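Trainee: Quick note, the sequences are listed as chains P and Z, same order.
If you're matching positions, the first sequence starts at 1 in my numbering and goes up one per residue.
If you're matching positions, the second sequence starts at 1 in my numbering and goes up one per residue.
Just so you know, the hints here were simulated from the structure itself, not pulled from any lab data.
Warning: the hint list may mix true and false statements.
Pairs of lysine-lysine, DSS-like flavour, derived with a Cα cap of 25 angstroms [to be verified]: (1) Z/K32 x Z/K44; (2) Z/K140 x Z/K12; (3) P/K76 x P/K57; (4) Z/K9 x Z/K140; (5) Z/K9 x P/K55; (6) P/K55 x Z/K140; (7) P/K57 x Z/K9; (8) Z/K139 x Z/K120; (9) P/K57 x P/K17; (10) P/K57 x Z/K139; (11) Z/K32 x Z/K139; (12) Z/K44 x P/K57; (13) Z/K120 x P/K57; (14) Z/K44 x P/K55; (15) Z/K32 x P/K76; (16) Z/K44 x Z/K12; (17) Z/K23 x P/K55; (18) Z/K140 x P/K57; (19) Z/K7 x Z/K139.
All values reported here derive from a predicted model rather than from experimental measurement.
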Amino acid sequence: MQHNEDGYGDGHEEEDKPLAVAVITPDGIYPDENSYRRAYGEEKLAEILELAKTKLKLTNTDDWDAYHNNRPLDPKHTFTESHLHGIVEIQWHKREGGGGA
Amino acid sequence: MLEVLAKAKFEKEVANLSDVFLKSRGWVVNNKVFPILDVTMFGKPTLRVRLECDEWNELPPSATLLCENGDPLQLTRTVGCFHEGPHDRNGKPGPFICMRGFREYHTHGSHLNEHWETYKNQDGNGLIGLLDQVNRHWKKVPGHE
Numbered sequence: 001m002q003h004n005e006d007g008y009g010d011g012h013e014e015e016d017k018p019l020a021v022a023v024i025t026p027d028g029i030y031p032d033e034n035s036y037r038r039a040y041g042e043e044k045l046a047e048i049l050e051l052a053k054t055k056l057k058l059t060n061t062d063d064w065d066a067y068h069n070n071r072p073l074d075p076k077h078t079f080t081e082s083h084l085h086g087i088v089e090i091q092w093h094k095r096e097g098g099g100g101a
Numbered sequence: 001m002l003e004v005l006a007k008a009k010f011e012k013e014v015a016n017l018s019d020v021f022l023k024s025r026g027w028v029v030n031n032k033v034f035p036i037l038d039v040t041m042f043g044k045p046t047l048r049v050r051l052e053c054d055e056w057n058e059l060p061p062s063a064t065l066l067c068e069n070g071d072p073l074q075l076t077r078t079v080g081c082f083h084e085g086p087h088d089r090n091g092k093p094g095p096f097i098c099m100r101g102f103r104e105y106h107t108h109g110s111h112l113n114e115h116w117e118t119y120k121n122q123d124g125n126g127l128i129g130l131l132d133q134v135n136r137h138w139k140k141v142p143g144h145e
C-alpha cells in the first residue's frame, strides 16, 4: 500500500501528524487495495467507516465492529482518543453471530 | 441451484481474499477452488477452517475444523460456538461450528427455526465475512490470542 496524498506537516509531534488509514473488510478495502486515505487525529473513526461503507456499497453495518491489531475500537472516538497514529489499518467486519451449544 | 451460479458467486467473493486482506487477518489460503475454501487462521492456537460451499449461497457453507497440519481438530469441551460434537443430525464425528451462517447450525436440532434465508443477504455474511466472525469467536475463547 502507498499513501495517496503526500506530506506529513513540518515539525509537529507525532500526534499532530496526519494518519494514513485503510479500512479492511471482507467485502473490500477502503480506499482501495493500493493506497491509504489521509485522516487527522480529531476525526472520528465513524467518519472514515461511513466513507468505507459508501465506497464498498455496504447497506447495513449497524452490527459491525472495528478493530486495530485485535483491539476493539469505538467508532464514536477520534483517532487521537483511540491512540491511533501513523499508518492505521482498521479491521472492520460483522459482529460474530450468535449460536453455541 | 445451478452449480454455475454458485460457482460464480463463490469466485466473486473469494477474489476479495487479497494479499492485503490476508495479511491484515493473519490468514493463509490453502485452497480456493470451488466448492472448497480452506483457510488457516494463525494465532495461539492456530485454527484451520475448511468450507464446503456447494449451492452457495442458497445453502450456508458446511465447515470442518482442522489443526494447522490438516488433522481434524479435537475439542475436549464446547467453547463458545465451537461445539465438541458430534452433530445431532448429520452423523459427522468431531467438532463443528454452531453459529448462524453455517450449515451445521441451521441443521442442528436446537436451531431448526432459524433459517439461513433470514441471514444470507446481510452485509458481512458472505464467505469471507463468516470466516471473519469465526476468527473473532476463536480469539475470544479464554486462553486464545
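Trainee: Are Z/K23 and P/K55 close enough, with their CA atoms no more than 25 angstroms apart?
Mentor: Within the cut-off at roughly 21 angstroms; holds.
Trainee: Verify the proposed pairing of Z/K140 with P/K57, using a straight-line Cα cut of 25 angstroms.
Mentor: With Cα atoms ~29 angstroms apart, Z/K140 and P/K57 exceed 25 angstroms; violated.
Trainee: Could you grab the alpha-carbon distance between P/K57 and Z/K139 and see if it respects the 25 angstroms cut-off?
Mentor: This hinted pair is violated, its Cα atoms lying about 28 angstroms apart.
Trainee: With a cut-off of 25 angstroms on the C-alpha distance, tell me whether Z/K44 and P/K55 pass.
Mentor: 34 angstroms, violated
Trainee: Quickly compare the C-alpha distance for P/K57 and P/K17 to 25 angstroms and report which way the hint goes.
Mentor: The hint is violated at about 30 angstroms.
Trainee: Sort out whether Z/K12 lies within 25 angstroms of Z/K140, counting only the CA atoms.
Mentor: Violated, at roughly 29 angstroms.
Trainee: Take a quick look at whether Z/K9 and P/K55 sit within 25 angstroms of each other, Cα to Cα.
Mentor: With a Cα-Cα distance of about 20 angstroms, the restraint between Z/K9 and P/K55 holds, given a limit of 25 angstroms.
Trainee: Is the straight-line distance between the alpha-carbon of P/K76 and that of P/K57 25 angstroms or less?
Mentor: 21 angstroms, holds
Trainee: Check the hint pairing P/K55 with Z/K140 against an upper bound of 25 angstroms on the C-alpha distance.
Mentor: Judged against 25 angstroms, a Cα distance of about 30 angstroms means the pair is violated.
Trainee: Quick one, are Z/K9 and Z/K140 close enough, alpha carbons at most 25 angstroms?
Mentor: Answer violated: Z/K9 to Z/K140 is near 30 angstroms, above 25 angstroms.
Trainee: Compare the distance between the alpha carbons of P/K57 and Z/K9 with 25 angstroms, and conclude whether the hinted pair is satisfied.
Mentor: Status holds; Cα separation ~17 angstroms.
Trainee: Take a quick look at whether Z/K139 and Z/K120 sit within 25 angstroms of each other, Cα to Cα.
Mentor: 24 angstroms, holds
The structure does not agree with the numbered hints 2, 4, 6, 9, 10, 12, 14, 15, 16, 18, 19 stated previously, though it agrees with the rest.
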